[in-house]
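Construct the entire structure; sequences and hints are all you get.
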Amino acid sequence: QVHLVESGGGLVQPGGSLRLSCAASGRLSNIYAMGWYRQAPGKQRELVARIISSGYRDYGDFVRGRFTVSRDSAKNTVYLQLNSLKPEDTAVYYCNADFTTTAYWGQGTQVTVSS
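Under my numbering, residues 95 to 209 are what the sequence shown spells out, in order.
To be clear, the hints were calculated from the coordinates, so they are not data collected in a lab.
Treat the hints loosely; a few may be bogus.
Each pair of labels, with its calculated beta carbon distance range [what the hints assert, rightly or not]:
(1) 95 <-> 180: 34 to 42 angstroms
(2) 134 <-> 101: 19 to 27 angstroms
(3) 181 <-> 148: 29 to 37 angstroms
(4) 168 <-> 208: 31 to 39 angstroms
(5) 208 <-> 150: 28 to 36 angstroms
(6) 177 <-> 204: 31 to 39 angstroms
(7) 121 <-> 181: 34 to 42 angstroms
No residue lacks a Cβ here, since even glycine has one placed at the ideal position from N, Cα and C.
Below is the structure:
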């Protein structure tokens with residue numbers, strides 16, 4: 095079993111920044127990727143960014159250099175730095191741990207971009 099705990103969401107003005115954290119615990123051997131997805135009201139959940147076990151970083155097309163995913167392997171934690179935020183980035187952001195045959199999700203953290 096794997097447990098994911100997210101933190102760092104909140105309300106920010108357009109153009110602002112936030113840093114999300116996801117701490118993982120449990121059986122983490124053989125993990126394939128860890129990263130972030132988001133879901134806005136009325137929309138499907140979509141990939142924001144993830145790190146594959148090889149170190150390769152995969153980003154959603156809408157990111158366009160504004161977000162950066164990173165990890166601290168010693169702490170089993172993955173981060174998502176959100177810069178130049180736009181109102182359309184408003185969503186619940188979910189941490190994901192992908193083991194290829196199964197996946198785990200965090201409870202989600204709300205990010206609201208509004209003036």
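Verification of the hints:
{"no.": "1", "hint": "95 <-> 180: 34 to 42 angstroms", "verdict": "36 angstroms, holds"}
{"no.": "2", "hint": "134 <-> 101: 19 to 27 angstroms", "verdict": "20 angstroms, holds"}
{"no.": "3", "hint": "181 <-> 148: 29 to 37 angstroms", "verdict": "35 angstroms, holds"}
{"no.": "4", "hint": "168 <-> 208: 31 to 39 angstroms", "verdict": "36 angstroms, holds"}
{"no.": "5", "hint": "208 <-> 150: 28 to 36 angstroms", "verdict": "34 angstroms, holds"}
{"no.": "6", "hint": "177 <-> 204: 31 to 39 angstroms", "verdict": "18 angstroms, violated"}
{"no.": "7", "hint": "121 <-> 181: 34 to 42 angstroms", "verdict": "39 angstroms, holds"}
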